[in-house]
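Chains U and L are the protein sequences, given in the same order. Residue 1 is where the first sequence starts when you use our numbering, and the numbers rise one by one after that. Residue 1 is where the second sequence starts when you use our numbering, and the numbers rise one by one after that.
These aren't lab readings, by the way, just hints derived from the structure by calculation. All values reported here derive from a predicted model rather than from experimental measurement. Errors might be hidden in some of the hints.
[Claimed, not checked] Subject to a maximum C-alpha distance of 20 Å in a straight line, what follows is the list of computed DMTMM-like cross-link-like pairs (lysine to aspartate or glutamate):
| hint | chain 1 | residue 1 | chain 2 | residue 2 |
| --- | --- | --- | --- | --- |
| 1 | L | Lys13 | L | Glu23 |
| 2 | L | Lys72 | L | Glu23 |
| 3 | L | Lys2 | L | Asp220 |
| 4 | U | Lys137 | L | Glu23 |
| 5 | U | Lys137 | L | Glu52 |
| 6 | U | Lys130 | L | Glu163 |
| 7 | U | Lys67 | L | Asp220 |
| 8 | L | Lys20 | L | Glu77 |
| 9 | U | Lys6 | L | Glu163 |
| 10 | U | Lys67 | L | Glu224 |
| 11 | U | Lys137 | L | Glu77 |
| 12 | L | Lys13 | L | Glu77 |
[Stated by the list, open to error] Label pairs and their computed distance ranges (CB to CB):
| hint | chain 1 | residue 1 | chain 2 | residue 2 | range |
| --- | --- | --- | --- | --- | --- |
| 13 | L | Asn124 | U | Lys137 | 43 to 53 Å |
| 14 | L | Lys13 | U | Ile126 | 30 to 40 Å |
| 15 | L | Ala129 | U | Leu191 | 21 to 31 Å |
| 16 | L | Ala195 | U | Ile126 | 48 to 58 Å |
[Claimed, not checked] Partial list, computed: chain U residues near chain L (C-beta under 10 Å):
| hint | residue |
| --- | --- |
| 17 | Leu65 |
| 18 | Leu71 |
| 19 | Phe72 |
| 20 | Leu112 |
| 21 | Thr113 |
| 22 | Thr114 |
| 23 | Gly124 |
| 24 | Leu128 |
| 25 | Glu134 |
| 26 | Lys140 |
| 27 | Ala144 |
| 28 | Gly149 |
| 29 | Trp162 |
| 30 | Leu210 |
Glycine included, C-beta positions come from ideal geometry on N, C-alpha and C.
The chain contents come next:
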Amino acid sequence: MKKLQKFLDIAAILLIVAGLYMAFMFAPMERVMGAVQKIFYFHVASAWIAFFAFFVTFVFSILFLVKQNFLFDDIAESSAEIGIMFCTIVLITGPIWARPIWGVWWTWDPRLTTTTILWFIYAGYIMLRKFIEEADKRAKFAAAIGIIGFIDVPIVFFSIRWWRTIHPNVVQKGGGGLHPDMLKAMLFAILAFSVLYAAMMLKRVRIASLARRIDALGENNG
Amino acid sequence: MKYLNTISAIVRKDVLHELKSREIVVSMLLFSVLTVVVFSFIFEPGSQFKNEVVGGILWMSFVFAGILGLNKSMMSEVTGGNFSALLLAPVDRSAIFFGKAVSNFIFIAMVEIFTIPLFMVLYNVNIFAYGAMPVVIFFLGTYGFAILGTLFSIISVNTRTREVMLPLLLLPIIVPIILSSVQALNIYILGHDPADASKWLQLLAAFDAIFTVVVFAVFDFIVED
Numbered sequence: 001m002k003k004l005q006k007f008l009d010i011a012a013i014l015l016i017v018a019g020l021y022m023a024f025m026f027a028p029m030e031r032v033m034g035a036v037q038k039i040f041y042f043h044v045a046s047a048w049i050a051f052f053a054f055f056v057t058f059v060f061s062i063l064f065l066v067k068q069n070f071l072f073d074d075i076a077e078s079s080a081e082i083g084i085m086f087c088t089i090v091l092i093t094g095p096i097w098a099r100p101i102w103g104v105w106w107t108w109d110p111r112l113t114t115t116t117i118l119w120f121i122y123a124g125y126i127m128l129r130k131f132i133e134e135a136d137k138r139a140k141f142a143a144a145i146g147i148i149g150f151i152d153v154p155i156v157f158f159s160i161r162w163w164r165t166i167h168p169n170v171v172q173k174g175g176g177g178l179h180p181d182m183l184k185a186m187l188f189a190i191l192a193f194s195v196l197y198a199a200m201m202l203k204r205v206r207i208a209s210l211a212r213r214i215d216a217l218g219e220n221n222g
Numbered sequence: 001m002k003y004l005n006t007i008s009a010i011v012r013k014d015v016l017h018e019l020k021s022r023e024i025v026v027s028m029l030l031f032s033v034l035t036v037v038v039f040s041f042i043f044e045p046g047s048q049f050k051n052e053v054v055g056g057i058l059w060m061s062f063v064f065a066g067i068l069g070l071n072k073s074m075m076s077e078v079t080g081g082n083f084s085a086l087l088l089a090p091v092d093r094s095a096i097f098f099g100k101a102v103s104n105f106i107f108i109a110m111v112e113i114f115t116i117p118l119f120m121v122l123y124n125v126n127i128f129a130y131g132a133m134p135v136v137i138f139f140l141g142t143y144g145f146a147i148l149g150t151l152f153s154i155i156s157v158n159t160r161t162r163e164v165m166l167p168l169l170l171l172p173i174i175v176p177i178i179l180s181s182v183q184a185l186n187i188y189i190l191g192h193d194p195a196d197a198s199k200w201l202q203l204l205a206a207f208d209a210i211f212t213v214v215v216f217a218v219f220d221f222i223v224e225d
């Protein structure tokens with residue numbers, strides 16, 4: 001476990017440095033948007049990790065309810081915390097990119113709005129965990145939110161998409177034709193952030209398990 | 001059959017309790033009418049844009065009043081220890097949950113029945129001008145709100161902060177309900193083609209069906225000790 005931890009730490013650092021090289025040196029400069037487009041690589045990679053992290057929370061919430069193993073609860077909690085951090089990065093890098101390109105910091109585009117709602121759902125999840133004393137109740141209630149919140153996300157997305165198609169004056173994201181080198185840089189950024197996620201998860205789950213052990217010791221002696 | 005008996009017994013208990021105390025529905029009703037009145041200050045009297053926002057105002061008044069009522073309803077269960085006693089009863093636990101959800105639905109529906117006519121008078125809109133379809137919107141929207149609201153109120157009264165947690169958990173999750181109910185209602189208020197509303201009604205129905213199943217599956221796990 002220690003060896004894996006060390007390996008992941010070093011790999012994450014090296015890959016992120018390499019990812020910076022890929023984004024700033026290797027990938028060509030975007031003709032219209034210029035240098036600000038470089039934020040795209042980290043924006044997309046963060047979004048990918050955020051969604052993946054919340055999916056992990058969803059899966060381990062179900063596993064916890066079925067198996068009642070508190071390690072699964074630790075994993076769900078850790079992944080939600082790391083997920084909300086990446087989700088915050090998405091919500092900060094998005095407007096920085098949008099301001100010079102779309103002319104506004106914010107639009108009520110389905111993806112933006114869904115990501116914001118997602119942020120609030122998991123902010124609630126983390127707050128809930130802080131406000132319940134009994135470990136057993138905390139884990140079960142949090143698992144319910146972890147499951148319901150994740151199932152809700154696609155419904156939120158579709159409802160907002162329908163809403164926006166009724167009001168067609170939305171700024172459309174210029175998607176499609178990505179330069180192959182840009183695609184490589186993007187995939188590399190996703191790889192680098194995935195390894196970073198794994199490295200952080202390993203540490204965070206360990207902290208959660210230790211915190212749970214300390215709580216148990218306190219209860220036995222108190 | 002036994003399942004339905006359990007649900008109806010819990011609903012009967014809640015309705016009787018409410019008829020005696022009148023605590024939940026009256027405070028919710030006052031709050032929802034107050035919201036409707038206070039929100040009228042967001043536009044000039046007789047403004048052109050009035051009809052575009054009044055549907056949203058009506059729904060927000062139900063959501064805010066609903067959160068108030070859900071907290072009150074669950075607090076009175078927990079403070080007397082009644083909820084723990086119910087869970088000890090040799091009946092299906094999800095029946096207890098759906099009993100509570102049905103009572104909450106009835107309370108919110110009562111509030112709606114009184115608020116909607118007042119709303120129509122105060123804002124000079126007739127939401128039933130094109131038939132009784134808006135009733136279906138209110139039914140589906142309120143049902144989804146009651147199902148998730150009941151579950152989350154059980155969770156929130158068990159936290160240290162009690163009532164504060166409920167809106168924080170519930171509001172982001174019910175975004176699809178708020179959005180589709182408001183959009184469907186706006187079609188009737190603005191006199192657009194009623195066929196457009198069917199899409200939103202389908203979304204509401206799908207939301208209700210999905211979360212009825214999910215809550216049914218999850219509830220047993222989260223309350224067992």
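Structure-based check of all given hints:
A C-alpha spacing of about 15 Å is found between lysine 13 of chain L and glutamate 23 of chain L, which places the hinted pair at or below 20 Å, so the restraint holds. For the proposed pair lysine 72 of chain L and glutamate 23 of chain L, the alpha carbon gap of about 8 Å is at most 20 Å, so the pair holds. Only pairs whose Cα atoms come within 20 Å are accepted, and lysine 2 of chain L paired with aspartate 220 of chain L is accepted, the gap being roughly 17 Å. A hinted pair counts as satisfied when its Cα atoms are at most 20 Å apart, and lysine 137 of chain U with glutamate 23 of chain L does not qualify at roughly 29 Å.
With a CA separation close to 44 Å, the supplied pair lysine 137 of chain U and glutamate 52 of chain L exceeds the 20 Å bound. A threshold of 20 Å between alpha carbons decides the hint, and for lysine 130 of chain U with glutamate 163 of chain L the separation of about 15 Å falls inside it, so the pair holds. Proposed proximity of lysine 67 of chain U and aspartate 220 of chain L is supported: the alpha carbons are some 14 Å apart, at most 20 Å. Taken as a hint, the lysine 20 of chain L and glutamate 77 of chain L pair is honoured in the structure, with Cα atoms around 15 Å apart against an allowance of 20 Å.
Proposed proximity of lysine 6 of chain U and glutamate 163 of chain L is contradicted: the alpha carbons are some 44 Å apart, above 20 Å. With a C-alpha separation of about 13 Å, the suggested pairing of lysine 67 of chain U with glutamate 224 of chain L holds against the 20 Å cut-off. For the hint linking lysine 137 of chain U to glutamate 77 of chain L, the alpha-carbon distance of about 18 Å falls within 20 Å, and the restraint holds. Under the criterion of a C-alpha separation no larger than 20 Å, the hint pairing lysine 13 of chain L with glutamate 77 of chain L is consistent with the structure, at around 11 Å.
For the pair asparagine 124 of chain L and lysine 137 of chain U, the beta carbons lie near 49 Å from each other, so the given range of 43 to 53 Å is met. The hinted range of 30 to 40 Å is satisfied by lysine 13 of chain L and isoleucine 126 of chain U, whose Cβ atoms lie roughly 36 Å apart. Range check, alanine 129 of chain L to leucine 191 of chain U: Cβ separation about 58 Å, and the 21 to 31 Å hint is violated. Judged by the Cβ atoms, the range 48 to 58 Å given for alanine 195 of chain L and isoleucine 126 of chain U is violated: they are separated by roughly 43 Å.
Interface hint status for leucine 65 of chain U: upheld, as the beta-carbon distance to the closest one in chain L is roughly 4 Å, under 10 Å. At a threshold of 10 Å, the smallest CB-CB gap from leucine 71 of chain U to chain L is about 17 Å, leaving the interface hint violated. Residue-level restraint check for phenylalanine 72 of chain U is violated (minimum Cβ-Cβ distance to chain L is 13 Å; threshold 10 Å). Nearest Cβ of chain L to the Cβ of leucine 112 of chain U: about 13 Å, over the 10 Å cut. The hint is violated.
A hinted interface residue such as threonine 113 of chain U counts as satisfied when its beta carbon comes closer than 10 Å to some beta carbon of chain L; here the least separation is about 9 Å, so the hint holds. Nearest Cβ of chain L to the Cβ of threonine 114 of chain U: about 9 Å, under the 10 Å cut. The hint holds. A cut of 10 Å between beta carbons decides the hint on glycine 124 of chain U: the least distance to chain L is about 5 Å, and the hint holds. A cut of 10 Å between beta carbons decides the hint on leucine 128 of chain U: the least distance to chain L is about 6 Å, and the hint holds.
Proximity of glutamate 134 of chain U to chain L holds as hinted, the smallest CB-CB distance being about 8 Å (cut-off 10 Å). For lysine 140 of chain U, the suggested interface contact is upheld, since its CB lies about 4 Å from the closest CB of chain L, less than 10 Å. Contact between alanine 144 of chain U and chain L, as hinted, is supported at the beta carbon level, the nearest pair being about 5 Å apart and thus within 10 Å. Restraint check, glycine 149 of chain U versus chain L: the minimum CB separation of about 6 Å is within 10 Å; hint holds.
Contact between tryptophan 162 of chain U and chain L, as hinted, is supported at the beta carbon level, the nearest pair being about 7 Å apart and thus within 10 Å. This hint is violated: leucine 210 of chain U has a C-beta 23 Å from the nearest C-beta of chain L, more than the 10 Å allowed.
The structure fails to meet hints 4, 5, 9, 15, 16, 18, 19, 20 and 30 from the earlier list, while all remaining hints are met.
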